[in-house]
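Participant: Letter by letter, the chains look like this.
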Amino acid sequence: MRKSPTPYQSLPRESFWRVASSAWKKGRFDNIYKPKFPITPETAIASAGSCFAQHIGRYLKNRGFNYIDAEPAPFSLSDDTLSEFGYGLFSARYGNIYTSRQLSELVRDAFLNKVHDEVWEEDGRFFDPFRPTIEPNGFASREEVIAMRYDHLKAIRQLLRKTEVFIFTLGLTESWYNTETGYTYQICPGTTAGRFDPDRHAFRNLDTSSVVGDLKRFIKRCRSRNRDVKILLTVSPVPLVATATGDHVVAATGHSKAVLRAAAGQLRDAYNFVDYFPSYEIISSHLSSGAGYAEDLRDVRDDAVAEVMDVFFSAHGIDSSEERTAKETVAEKIDREQRDLTAEMSAVCDELSLDDGTTV
Amino acid sequence: MKIRIVGDSDIVALGRAYQSNESLREKFRNESDVEFSKFFPFPNALKSFWERDGDEIVVRKSERGVRLTDDQDLSRIRPEADVVYVVSMPYRATVNTNSVWRRFSPWSFPVKGRPLVSDALIERAVKHNASNILGFIGELRQMCNQVIVVESPPIRDDSGTDETQRSGLTRSLYLNALGRAVLDREIADMGLDVVTCPEDSYQGAPRESYIRTEFHSESKSDKYHANVRYGEKQMEKLAAYLRSAGII
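These protein sequences, in sequence, are chains V and R.
Residue numbers for the first sequence follow the numbering used here, beginning at 34 and rising by one.
Residue numbers for the second sequence follow the numbering used here, beginning at 615 and rising by one.
If you are wondering where the hints come from, they were derived from the structure by calculation, not from laboratory data.
Glycine included, every Cβ here is placed at the ideal spot set by N, Cα and C.
Treat the hints with care, since some could be wrong.
Covered by chain V, per the in silico footprint, the following chain R stretches (three or more residues, Cβ under 8 Å) [to be verified]:
(1) 717 to 726
(2) 729 to 741
In silico DSSO-like cross-links for lysine-lysine, where the CA-CA straight-line distance does not exceed 27 Å [claimed, not checked]:
(3) 195(V) to 253(V)
(4) 726(R) to 147(V)
(5) 726(R) to 187(V)
(6) 69(V) to 195(V)
(7) 249(V) to 147(V)
(8) 187(V) to 94(V)
(9) 67(V) to 36(V)
(10) 195(V) to 726(R)
(11) 616(R) to 851(R)
Calculated Cβ distances over 12 Å to all of chain V for the following chain R residues [stated by the list, open to error]:
(12) 641
(13) 655
(14) 834
Given only the sequences and the hints, what does the whole structure look like? Please build it.
Facilitator: Written out as C-alpha cells, the structure is:
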C-alpha cells in the first residue's frame, strides 16, 4: 500500500535524529544554528551572564570582533590581576550575572540611575552585594562602594545605548534575594562575602514564566533606549555547583536548565530580534557523550568552547578556526594554546564558592 | 664598614651632596667607605633588571645606570661581611605620573567623563610597578645582614598634574600618600627600616604636602627630582640613623 505524504517528508535532513546523530559523530552540527540576524566583525557586541559567557566574550575579542568593553582597565596589569578585579571578563564590570532577575534589576537601576545603599562590611572592608567579587579584598569605604556603583551604572547605560547585539548566557534559576528590599543578589550572601541572615535573605527558584517576564522587562528597557538592539540568548551548559532546593543536584540541574532553555525558546519564538544560540546543546547533548566537559564533568573544556564558537562563526559566514590555525605560525599557535589554557583554567566562577570542598 | 647606596635616579642628589660637602663626608668617613650606584632608574625598574645566580645577585648591565663614585664592579652583588646596603626606593608613586589620569579618575577625585578607579586597584598598580625593586630588595635582604631603605623625596607641586582638591589634598598628594603607604607595608613586611624624607623638606605635614620649592632640582626641565641641598639633608638623616643603629 502506498503511504500518503506527510509533513515530515519535506523536512531538512537535520530534522531527523538518525542523520543528525551520524553527522554529530563526525563533528558536524549542520544548521543547528540558523541566525535570525547577521553578526559581522563590525557589529557592536556586548555580553553578560554566567561564567560560560566569559568564554564567548574572549573568543569574540580574540577574533577581532567589535566587542564592547564599557569599563576598560585603567592600568596595564597582568590578565590575572585584571580578572581578579573584574576587568575584561564581560562588557562591563558586573561580574557573573547568573539569573534573569538580576539582569533585569541591574538594567532597571542603570536607566533609573538608582543605587541601592546596601553595602556588606567585613573586617573593615566593604563589598558591593550585587558584584561582591569585583574587588578581591573589598573597597576601602562604604562611600567608595556607592561611588563605584554609580559609575558602573553609568557605564551600563552607555553600553546598552551603543550595543547592536547583546549576548546573554542564562546560568541559573536558583537565586537569593533581600526580603526587605526585593533585590536579587549575585550569589548567596555569606559565600564570597557578606553574612547570611535567615531573617532577611530568602531563596527563590525562578520558573519559566518568571524568567520570560524578567527578560521581557530587560528587553523592553533596552529597546526603549536603543530600539534596534538585538538579543542573542544562550544557556550555560555548566551544571549547578550546589542546589538549595533540597533536591539531588543532578535533578536540580536538569530542572534549572530545562526552565532556562524553555524561556529562551519562548522568547526566540516571540520576537524577531531575539535569537537563541544552542551552545548548551552542542556541549551537553548526550550525542557528545560528555566529551565537552573536563574531568569533573562540570567545567567545559576549552576545545569544546572552540568547537561551539566555530559553529557560531561559521553560521555567520566567518572563517573557521581551522583556517585561522593554518595561518598561524607554530609560535603563535603555542602562545594561543597557552592563553586558551590559562583562560580555561581561570574562568572566574563565583558560584564555586557555594561548595566549601567538604568531601563525603 | 662599607656602605653601598644603590637605587633609582634619586640617589644622584644624595651622591652629589656627598661628593660636594666635606663636612657631610666626615660624618660617614671616619669608619666607613661610601659608594653610590644607580641600579634601577625609572622606567627600567618596570622591567626585570636583576636575577639570582647562585649566591649572587646579578644586575643586568643593559639595565644599569651610571655609577657615581664607586670603583668596584657592582654588577654582581655577593655576600660580604661588613657591607651595609642602603636602597633608595622610588617611593614616589609611579601611578602619579601616569597618563591614565587623563582618561580615568581616582574614585575620590572624580572628574566628569572619566571612569572611576578604586583605591585597591591603584594600590595594586603601585605594587606591580614596584615589584622588581621589591624583589631585588628581598633578595638583598636574604643575602646581606644589613639593608636599609631610603625614601625618595616628596613630590613637587609643579609637575603639571590635575590638581582637583578634596579634604585639603590634591589628587597627586592623595595618590602619592596612597602609593607610599603600599610601599611602607611591603618594606615593613620584609622587616626593614626606612629612613624617611626629612620632615622640614615638606611645605606642611609630611606626606600631605609637597616638597619645599628650595629643594627643587636646578634643572628647569626636571620636574621630579630634588636638588643637592635636599640630598645633604637626606644624607645627614641617613648618617644619624646609621650612627643610632651603631653601624657607623
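Participant: Are there hints from earlier that the structure breaks, and if so, what are their numbers?
Facilitator: Hint 9 is the one this structure does not satisfy, whereas the remaining hints hold.
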